[in-house]
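Each chain, written out:
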Amino acid sequence: MLFQDVVFWILGIVAIGAALGVVLIKDLFRAALLLVLVFVSVAGFFVMLNAEFLAVVQVLIYAGAISILIIFAVMLTKDVQRGNMPNRLQVPAVLFAALLLSVLVIVAVDTDWNLISEEDQEKVSLVQTSAVANIETEDLEASGLTTDSEQAAARESGLADLLIGDFVLPFEAVSVLLLAALIGSLVLMRPRPPGSTS
Amino acid sequence: MTATVFVPAAGAVTILLLVKGDRNIRLFAVAVALADLVLSLVVFSLFDQSEGADRFQLVDKFSWIPSESLKANFFLGVDGLSAPLVALTGLLGFCAIVASMHVKLRVKEYFFWLLLLQTAVMGVFSTLDLLLFFMFWELELVPMYMLISIWGSGRKEYSAMKFLIFTILGSAFMLVAIVAVFLTPELGTFDMTQLSTKGTILVSAGVLIPLSGLFWLFFVAFAIKLPTWPVHSWLPDAHTDAPTAASVMLAGVLLKMGGYGLLRFNVGMFPSQTDRFAWALIALGVVSVLYGAVVTMRQTDLKRLIAFSSVSHMGLVLIGIGSVGISEGELTVTGLNGAAMQLFTHGTITGLLFLGVGLVYDKAHTRYIPDLGGLAGRMPIVAGAILLAGLASLGLPGLSGFVSELLVFMGAFRAYAWPTVLAVLGIVLAAGYILWMMERAFFGPRRERFDHLTDATLVEAIPLVIMVITIVGIGFYPSLLTDVFEIGLAPMLDVLPGGG
Amino acid sequence: MSAHDLYVISPYLGMAGAALLVILLDLVVTRKGLLPIFAFLGLIAPLTLSLIQAFDLDDSLNLVKGSELLATSDPSVLLNSLSVDRFALFFNFLVLAAAGLVIMASTDYVRQMDRYQGEYYGLILFSATGMMLLAAATELITIYIAVELSTMPLVALSAFMNTAKSSEAGMKFLIVGAISSALMLYGMALIYGFTGTTTLSEIATSVGNVSGDIPFGNYALLVGVMLLMVGFGFKISSAPFQMWVPDVYEGGPTPVIAFLSVASKAVAFAILLRVFFSGFFDVSLDWASLFAALAAASMIIGNLVAIGQTNIRRLFGYSTIAHAGYILVGMAAGVKATGADGSLPEYLSVGPDSVLFYLGAYAAANLTAFFAIIAIGNRIGSDRIEDYAGIARRSPVLAAILALALAALIGVPPTSIFIGKLYIFTAAVNADLVWLAIVGVISSVVSAYYYIRIIRVMFLQPATTEERISTPPASWAALGIAGAAMLFIGIAPGFVLDLSKIAVGPLTP
Amino acid sequence: MSLEAMLIIAAILFAIGLYGSLARRNALAVLMSIELMFNAVNLTLVALAKYVAPFALDEDLAENLSGVLTGQVFAVFIITVAAAEIALGLGIVFAMYRNTESVDLTEVAELRN
Amino acid sequence: MIPEAAIWAIFFLPLGSFLVIGLIIRPFFNQFSILSGLLLVASLGVALVFSVWTLRSVILGHEMDFEVFQWLQVGSATIELGLLVDQLTAIMLIVVTGVSLLVQIYSLGYMKGDPGFSRYFAYMALFTASMLGVVLSTNIIQLYAFWELVGVSSYLLIGFWHERPAAAAAAKKAFIITRIGDVGFLLAILYLFLRADDFAAAGLNAFHIPDIWQAAQPVAIGGVGALGGAALTWFALGIFSGAAGKSGQFPLHSWLPDAMEGPTPVSALIHAATMVAAGVFLIARFYPVIQQSSDAMSVIALIGAFTAVMAATMGLVMNDIKRVMAYSTVSQLGYMMAALGVGAYSAALFHLFTHATFKALLFLGAGSVNHATGTFNMRYMGGLVRHMKITYVVMVIGALSLMGIIPFAGFWSKDEIIVGAWYSSGLVDGWVNRLTFIMLLVGIVLTAFYTFRMINMTFHGEFRGGIDQELADLAAADLAAVEQAEQERANQAQPEPVSPLPPLSASPLVGQDAPHEAGHASGVHLAESPMVMLFPMLVLAVAAVISGYLANPQWGEGFGIPRHWISEFLLHGLEGTVPVLAGHIEIHGFSRSLATLSTVGALVGIILAAALYMGRRESRSRDPLEAAGMVHTLLSQKYYVDALYENVVVRSAFYRFFVGIVDWLDRNIVDGVVDTLGWIFRNLGPMIGRAQTGQVQSYGGVIVLGSLLIILGFLLS
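Chains as they are written, first to last, in the numbering used here: chain A, 1 to 198; chain B, 1 to 500; chain C, 1 to 509; chain D, 1 to 113; chain E, 1 to 717.
There could be a bad hint or two in this list.
Stated by the list, open to error - Sample of chain D residues facing chain E (criterion: CB under 8 Å; computed from the structure): (1) L18; (2) S21; (3) L22; (4) E101; (5) L105; (6) L111; (7) R112; (8) N113.
Claimed, not checked - Every beta carbon over 12 Å from chain A, so not counted as near; a handful from chain C, in silico: (9) V28; (10) S289; (11) G308.
In case anyone wonders, no lab produced these hints; they're calculated from the structure.
Beta carbons are placed, not taken as given, at the ideal position from N, Cα and C, and that holds for glycine.
In isolation and in its complexed conformation, chain A is listed as follows (with noise of 0.2 Å):
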């Protein structure tokens, strides 16, 4: 437990710090950079949270892709060194923010969550955590699911059974999603019309 709690406060540390960085940093190029490090972060959270897979992709699509995609478009604009000023709004956009803030965290402590109860914590780990990992049967019997008819329901409540099986409609839906969103950038980032003037 003292080792989670270091890594989830180190963790927590460097992401908030990091975030900052994004939004106060003036030269744009490393406040990309510390994006990066605060998806990174987060992708640790994940592993923390039973949610390997997903830390597998938060590295390789956030701060892979669309990290290097941000930081070509950064370097494809001018200003890049002091490109990244306030504008006017800051004194309402700090004020809204942590209104919002205080506004979550009074929800995040005063709901009366329905949290899982001790006893059935490791099973949802377990099940959690067979999304990326193989599920040794003791395992499973460690933690409570005796019965053949749980032991198989756990091992095919993977995530990806989920996406082509309760989630399909949003997974086909996503990718029509990202087709167009495709074809509307390339759409946008064609060449301006010889001839033509602003």
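Dock chains B, C, D and E against the given chain A, drawing on the hints supplied.
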């Protein structure tokens, strides 16, 4: 009945699509208006006045919105209250068209709108479905707006907009009221024939909006249209800047829609509330009468002057309706009959006044009273017509105005004697402003630049003559109308607390 | 996925397929003028499939649960995420009609583009896919994806014109959309966190067990629902989430804006109805007051600010905000306090019913207006209201149709929106929201002022040039169909009224 | 480490992202801030997935075991959509840059009252 | 027995003439306009014959119960049109048709050549018809209708030369002032309707005049008692208010002198037989009701007497011959009212009858004078006796009759009034009787004075130039006025602000001395008038001499006419109206002492006037009465009543102040609120719209702020 309502609209569309050439359009419009006049007179004469005849006659009814949640019908028909008003609309519509023969600007559109307007007003008077009523009520706005803002004069766009906003505001209130009436479990219908007989039920019914609220919602809409003080301020502007025919229609029939609504809805459907708030109607009526008359004194524009006098005269309608607030004795139909008569007679009288003033303006190119003077010598027909209308409006016996004013006063005197005395003073003021107007504009030495004025031509004189005949005819034989009105109003009397 | 599942989602597949097809055909076809025809024909597939589903639905409430045509024994995997019911199909048809008309009206505009014509139609169809999906979605993840799928192509289309204004519009659309969808996601997360599920039916059960003093019974639920509302508020363009609307309306291509204002708004209301009535009905007394407040704010702000506008599309941006307000009145009118202490919600079907009817009526009227604006704007090359001077002389029919559409937007009988407003306000009075109905009718009066100003400019002010305005046949067709629908709904509203009444059946909690 | 702590961390990230998206002039910085917000939401979802009981967990665990993964599935979709959003966003940023020679959102304000 | 149709014919003949002239002759045959005059004369002639026939029928006591026609149903009451023919009606018919006929004949000559000849006769026909309608009406609303028609036709006639501002203003003034009086009348009618149910309960019709008589009789004497108490007094005063307006009683008298703006025959008709007589007739018509109220009777008596004196004083100083006679008319009407008030019912009506003859005669004479001199200003007349002998003679006859010199007609009737005032009838308190008596006596002196002055200034002495001289003087005065004004302007540093108000009417102060009918009679041609004008005058002169005694012989039954014939006749009619008549109206015999007293009074007046005016050569320059200074000014300014009405009440208090305020309110408050609301709506939008800065992040900020506010709102609620 349907034909009477829609002949003008059909004519309007025909003009828009088929008829070419200004001259043909004019003649065709006259023909359509004449046909509709004949139809409306036929409607009036077909109205069965015998004992035991149906209350609503010449009924045309088709299902329009079958849905249960908005069950509305296309439902036309007349009763004793609306039959004379339909005839009035036909009459004034014809006169307005004939008086528009000189219009040169955008002739096709002009007659299109004018005829459409006639359909709308006819519809308002003859529909028996609340929703349809509201549709016609709104439909009338567009042509009027167009007529004022395109063919008007002065600050025409401002006036047109003011007219529009005022009326829409009023009808907004009415819409809420209509909806609430429809949703009241005991009523639950747009059918006005049922509503008017269910009026008594409403005394005790628990409804969404308190009954008094419904009453005032309707009242606001109609009071704006009437118009009554203090929501009259659209009227002088609209009248002043409208073209002659539009003024005639506006004063002659559009204002009557307000009075008709008050009688049909406020009295007919909320008898208990009408009784309860009769004092307020009387108060508003008396203020309108006196205030309108006093402000009229100050006017220097002929049309504006007549417009304010309309405010004054429409106050009498309110007083007539307020007569139901009788405290002792048996309620008679007199006051309501007076109010209804006032609608009709004021329609003819003001129509004639505007026709005459329109001619003056066409020929003398000014309506500013200090610039006029001595016109009677050059245009005796016009001056005579205006004088006759003026005398009728100040309640000269033998002319139509007297009958309605007398009935109103008689009815109201029984309920509210002292306010009525004040209102009677209004007719002295009427004598003041009418005669003073005559003196300044038509009598006195003639100005040189008016030496070549010509009197009304034969065509121009036709509407004048028609109106004069109507005014004198009603003055001599008012029973022609009062009997019919009484048939229409008697059922309302039965549901009023003081009556039947 | 079974055949039955494929059958259930076939309209969406058909629509997405049509989108792809158009884009692919763009690569091979040289006569770009054929593209709109392809796109239009592409609509036939989803239309046909929707029709089949509509007839198939005769007896059952939800096709996902089982259909006559393709019987299935296994429970469908789509059961959580989708409900293909009459409600969804109503919006399928609405979206299809809007998409078809917009494609017709776009031809003239798209023809001026040098490239990417196929993509234009493709993106519209993609967006339509998302919209249809949104109307049927019953699960938060699906809802989110559908929202994004319907929005993103529109974002791209808003920036399509490759001009400064268009790009700016797209950028604003994107950023505001992203911020609000982030907030919405947070709200969904909180709802998920509290209820442990993303399926509306299960959320409903969960919410039903909540008890607490504060509204919605619980902080997580309260904040979650509010943040969820941000996303929906953005889509329906209600105050205070409306700020992007006028800018995008002014900057984006007009046909896209037409589609945005009609179809996007309609399905946003669809999902709003679906989520709140089937997911959160037990706390409906809480959100009903929210909707009432938002409705009033939208009507007032939209109508007041519209008064001063000089750009017609910007004006329509504000107008659409105001209309969102009217429709929200119907939302708020769907429930009524009942029970001994007035704490129990009573479902009033007339509220959602009026929303659906109004959406249909508004679609007809607003499309008519926009098509007229497209036809006029393409020729006079301006959106400024003052440049509309004398249109009545240059093209009397266009001017008349636009005037009629504007009158409809005011709510003048006998046009569609008159019945719509009547119905909405009827519902409001029915739900004891008389004050809201009065705010509504008075703001309608205010709206008359600015709509009439356009009519006045067209009819009363002299034209600067006598040149006639020519309009291509496709635009005429779109204009004619939309205008006819507008008048038809106004004069004989029975048909659409019946449809909307049937369509709200599945919403009954 | 607890649910509350996780949620608060996520909320802080979200607030920072919100601040950034509201207060930065550069369009790319704003896009980055929005990504921060999406990440915060993901974090929230995953944390909730771990700690909060899925719907009807108590009734029959075997039938509802997949429920414990819903939050993670949601996060997967959000990541995907975020990728799409960034792609489209960059496209628009480039289009805007080409048309206005600027990626400064304060300067790009031609559309206003 | 006279058939009903014949009585209707009396009314319809002039009305038909009006229609024929107005609708046929005037529009289509205007070149034969003489036809219209002849037509009217002929029809009035026939009407006169029928009137005589009616009188005969009444005298013979035929049953005069006629069918009524229902005109309008109002509630429980019915308005029915019909004829009411009794003794009063019969006498009035003779007066109206007779005088009217003579005036029309006179007009044939007087109006010759006027472009509005046909129009004139059309109006005249309408005027006569309405007056006959008043007389014949059996229903109070019918009566009211004709009553108003009399007002309108007088409006048309007074304003006949409408191009003259003074005429138009006078017409308007006449109409409005009589209308003010009519409000009382109308309210009285409304009160009747209020009690219609009570009437109906007694089987009566609230609007039927004989029924009203019945209703007013107290139950104690066998009446119905539906009307009574204070309400009856108010009702009576309402009736009187209408009568006072028409008959020019104080304070509604000021229109009558101005009404001289009409053509002179019109004045003759208005003043002698129709309009002003209508007021007296109205009181007489409702006498069975009014006499039930002692208070109302007192008011009538006192106002009548006061009017008699006040009008006479103003008559003293007028220089316009028609104005002198106008005030004389007001004064004489005061006599009649006073007589009615004290209960001398038949005396009043007898005086009405005789007055009709001699006042018509005097007016026609004045017209004749004007025909010769072109002016009505007596300061420009004089010496006409040499040129117009016949006119002179008939005028003197009329004047003597007016003064009440035996044996002229006026003497007899005035004497009856004096007698009636002297003897208390018990209807009013004694002091009312005495006060009335004294005032009437004073009035006799004054009457004699101004009448003598008038005759003297007109006919005696040197001729002073007529219209020509007057115009020359006016021009000089204008010149002087202009010079004076310029001088004043030069003196004043700042010009006077020009009043934005148009003048309400022509100033009455100027009107007095302005040339009348200048456009009509052009120039001076001193000669006798043509025969067509002289003939009616002669007829009237004969009547003015003999009618007094013949109609009401005091001493015996000479000429086959019973003693006190007309008085008895009328009183009989009054008694016939109701079963039992309250009070004790009786006919007093001729009183030698009182007759002497009144004759002495008249002689005193004559002597005073003769002393002042006889033998003065230069009476143009200065009137001897001007020596009275302030008093003279007060009188010649008509006690400032006109000025009070027009300048203070109407123009300043009402028009400038009250109307101004209301108008200001209308423009700035009622309309201002609307415009302000519009302004707010138009500007509120842009103010909100200003938040739309184009900054995309502010939009996001608003979203966040909005949701925060909503959450906050929920938490607070």
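Each hint tested on the structure:
Residue-level restraint check for D:L18 holds (minimum Cβ-Cβ distance to chain E is 7 Å; threshold 8 Å). For D:S21, the suggested interface contact is upheld, since its CB lies about 6 Å from the closest CB of chain E, less than 8 Å. Contact between D:L22 and chain E, as hinted, is supported at the beta carbon level, the nearest pair being about 5 Å apart and thus within 8 Å. Hint on D:E101 is violated. Least Cβ distance to chain E is approximately 17 Å, over the 8 Å limit.
At about 6 Å, the closest approach between the beta carbon of D:L105 and any beta carbon in chain E falls short of 8 Å, and the interface hint on this residue holds. A least Cβ separation of about 6 Å between D:L111 and chain E falls short of the 8 Å threshold, and the interface hint therefore holds. For D:R112, the interface hint holds, since its Cβ comes within 8 Å of a Cβ in chain E; the closest pair sits about 3 Å apart. Proximity of D:N113 to chain E holds as hinted, the smallest CB-CB distance being about 4 Å (cut-off 8 Å).
Once the 12 Å rule is applied to beta carbons, C:V28 is consistent with being away from chain A; the minimum gap is 17 Å. Non-interface call for C:S289 relative to chain A: holds, since the shortest CB-CB distance, roughly 20 Å, exceeds 12 Å. Its beta-carbon lying about 24 Å from the closest one in chain A, C:G308 satisfies the requirement of being farther than 12 Å from that chain.
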